[in-house]
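Quick note, the sequences are listed as chains A and L, same order. Heads up: the first sequence at position 236 corresponds to 235 in numbering that gives the first Met the number 0, and the numbers run straight through without jumps. Heads up: the second sequence at position 171 corresponds to 170 in numbering that gives the first Met the number 0, and the numbers run straight through without jumps.
What the hints contain is simulated information worked out from the structure, not anything from laboratory work. Since the model is a prediction, treat every value here as computed from it, not as a measurement. We treat Cβ as the ideally placed atom computed from N, Cα and C, and that holds for glycine.
Simulated restraints, written as ranges between beta carbons of each label pair:
#1 A/S152 / L/P261: 37 to 47 Å
#2 A/E304 / L/A312: 50 to 60 Å
#3 L/R103 / A/D50: 40 to 50 Å
#4 L/S81 / A/G118: 34 to 44 Å
For reference, the chains in residue letters:
Number of protein chains: 2
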Amino acid sequence: MSATTIQPPYLLFVGDARDALAAKTAAGILHWRREWCLGQVVWPDCGAELDLPGMNVAEAAAAGGRTLIVGVANAGGVIPESWVTSLTEALRAGLDVASGLHDRLDAIPALREAAAATGRRLIDVRHPTRSFGVGTGEPRSGRRLLTVGTDCSVGKMYASLALVEEMQRRGLDATFRATGQTGIFIAGDGVSVDAVVADFISGATEWLSPASDPEHWDVIEGQGSLFHPSFAGVSLGLLHGAQPDVLVMCHEPTRTHMRGLPNRGLPGLAECIAANLEAAKLTSPAVRCIGVAVNTRALAADAAERYLRDTAAELGLPCVDPVRTGVAPLVDRIDR
Amino acid sequence: MSATTIQPPYLLFVGDARDALAAKTAAGILHWRREWCLGQVVWPDCGAELDLPGMNVAEAAAAGGRTLIVGVANAGGVIPESWVTSLTEALRAGLDVASGLHDRLDAIPALREAAAATGRRLIDVRHPTRSFGVGTGEPRSGRRLLTVGTDCSVGKMYASLALVEEMQRRGLDATFRATGQTGIFIAGDGVSVDAVVADFISGATEWLSPASDPEHWDVIEGQGSLFHPSFAGVSLGLLHGAQPDVLVMCHEPTRTHMRGLPNRGLPGLAECIAANLEAAKLTSPAVRCIGVAVNTRALAADAAERYLRDTAAELGLPCVDPVRTGVAPLVDRIDR
Numbered sequence: 000m001s002a003t004t005i006q007p008p009y010l011l012f013v014g015d016a017r018d019a020l021a022a023k024t025a026a027g028i029l030h031w032r033r034e035w036c037l038g039q040v041v042w043p044d045c046g047a048e049l050d051l052p053g054m055n056v057a058e059a060a061a062a063g064g065r066t067l068i069v070g071v072a073n074a075g076g077v078i079p080e081s082w083v084t085s086l087t088e089a090l091r092a093g094l095d096v097a098s099g100l101h102d103r104l105d106a107i108p109a110l111r112e113a114a115a116a117t118g119r120r121l122i123d124v125r126h127p128t129r130s131f132g133v134g135t136g137e138p139r140s141g142r143r144l145l146t147v148g149t150d151c152s153v154g155k156m157y158a159s160l161a162l163v164e165e166m167q168r169r170g171l172d173a174t175f176r177a178t179g180q181t182g183i184f185i186a187g188d189g190v191s192v193d194a195v196v197a198d199f200i201s202g203a204t205e206w207l208s209p210a211s212d213p214e215h216w217d218v219i220e221g222q223g224s225l226f227h228p229s230f231a232g233v234s235l236g237l238l239h240g241a242q243p244d245v246l247v248m249c250h251e252p253t254r255t256h257m258r259g260l261p262n263r264g265l266p267g268l269a270e271c272i273a274a275n276l277e278a279a280k281l282t283s284p285a286v287r288c289i290g291v292a293v294n295t296r297a298l299a300a301d302a303a304e305r306y307l308r309d310t311a312a313e314l315g316l317p318c319v320d321p322v323r324t325g326v327a328p329l330v331d332r333i334d335r
Numbered sequence: 000m001s002a003t004t005i006q007p008p009y010l011l012f013v014g015d016a017r018d019a020l021a022a023k024t025a026a027g028i029l030h031w032r033r034e035w036c037l038g039q040v041v042w043p044d045c046g047a048e049l050d051l052p053g054m055n056v057a058e059a060a061a062a063g064g065r066t067l068i069v070g071v072a073n074a075g076g077v078i079p080e081s082w083v084t085s086l087t088e089a090l091r092a093g094l095d096v097a098s099g100l101h102d103r104l105d106a107i108p109a110l111r112e113a114a115a116a117t118g119r120r121l122i123d124v125r126h127p128t129r130s131f132g133v134g135t136g137e138p139r140s141g142r143r144l145l146t147v148g149t150d151c152s153v154g155k156m157y158a159s160l161a162l163v164e165e166m167q168r169r170g171l172d173a174t175f176r177a178t179g180q181t182g183i184f185i186a187g188d189g190v191s192v193d194a195v196v197a198d199f200i201s202g203a204t205e206w207l208s209p210a211s212d213p214e215h216w217d218v219i220e221g222q223g224s225l226f227h228p229s230f231a232g233v234s235l236g237l238l239h240g241a242q243p244d245v246l247v248m249c250h251e252p253t254r255t256h257m258r259g260l261p262n263r264g265l266p267g268l269a270e271c272i273a274a275n276l277e278a279a280k281l282t283s284p285a286v287r288c289i290g291v292a293v294n295t296r297a298l299a300a301d302a303a304e305r306y307l308r309d310t311a312a313e314l315g316l317p318c319v320d321p322v323r324t325g326v327a328p329l330v331d332r333i334d335r
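The following block holds chain A by itself, in its conformation from the complex (with noise of 0.2 Å):
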């Protein structure tokens, strides 16, 4: 799809990540295309660990590998001084070098260089490449789940690949179409729609789920939250490009606050259900909501089964934990 298509199988790089959260670009990875990842980079003082053979970049290029991840994040998204020997390393021995952080590869001399030298490419996922038109609005063919929520972070990358192989598993055809880092990694390509400038947000969009098959489904990972006041803006403008028929709605239930604003507190459930369905209609007058993903990771088994019982009752709508659970629920309401 994009001209930044990522090619697997990938040597995922986790070097020196402090902690689990720090690698979790890479164990997103590993998840959800286990058969695409060849091997791990992780330094002796790393505090992560995947289910990955170790490796080093001339073994990886040696078993067919194609591209280095950076699978580790920190504060500020910067790529330190110490990874760069690696990287150009990378580079030099035939792989693709891609990185979601906000620092750019391709503002490292020492990484251009190296990539010029050896005709490989630097891959900065968080940064568009190319330029979009503005959305139109116009109705297209085929069909689209977007998923939202109540906050950012809350599981809406993990529901919609859940979501994607639940519905292959049943024989639908059904596509992932990534809008964030990490997403775009597992999908091979994407666009990370909060990158894009303000006004082509629902204009990405639209170009990442072009018309199709009537009975194709794309399913569209969702960003940030309308109830969001960092990022409320690219929440609807990915909701009005994606003009979805169907919403599931994201939500993790012992947050206290939203993401990063340790004075504001998460909207209901069904306020924002209601929230995301009105502005939704804008683009897609017959969307409905069919159920709620919630991640309920923090919550003792029977916690959690109750909360969902409870949270569906008083919905009306499935609810479920995609990890604990699975997505069959929300499926139903769709294949008929």
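Go by the hints and put chain L onto chain A.
Here is chain L on its own, set in the frame of chain A:
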């Protein structure tokens, strides 16, 4: 405010503008900042003429001019080859050159070299030169008015400037905050909000309208419409970042479809006001709408008068045309 404050007095470059519409940036600057405008550069084949003396760059510099403003727009926002000599001469005469077009002045080698050689500045107001933090939605001191609209290009900038003028006439402390190209030339600074990276729409707006004296009014120029599927994300981020105490809804009553989208009608005024208030409450719980500013230029005087009267009765809000009636009834609602 910004790193790229534009210095008056201005020389307005109209060049070969086809017609008055193509020169509307220059006309807007002249209307609101006549005292900053020394003269115009108009070529023989120009289809637009401002009420200003013709002047060359040397004359403008001798008269104390500081900046040549590209006051003409064209489809695509390109800077044609034919303008480059004139713009280079302006730099050599000692003027800065400022443009709000999509094409960047500083992407043209001849201009870049002339700017470096003369120490003058190339100012591309459409392209933010600084980065912004993400918005927080935290309350900040000072009072804020935001103009919103049923569509793009319905007179939000004009209404905002008319409101500031009326507020200042009554001794209120009020500042115009520009969010679009023409507005930035009129204010001398501002942020082209639709051109920032999507993640930072509300953050850029918070930066544009910082905490101020509790009685001070910022009058913030709105962009787009919550009901325009191309640009609603920008409008929502602007609404959240502005944290408006009051909204003024702007409307053009003869428009048959949303700008640029022939198949899409405009929202009703009551529906559009309700949706904007509902969305604005996220960061400004006590927000209220103080009235409607209607651009009735396309109506005859009696039809305009009837439209304003009927709409005011229907909505229970003052309805004015900033040009025909002035905005006093709106300012009455805050001047207490």
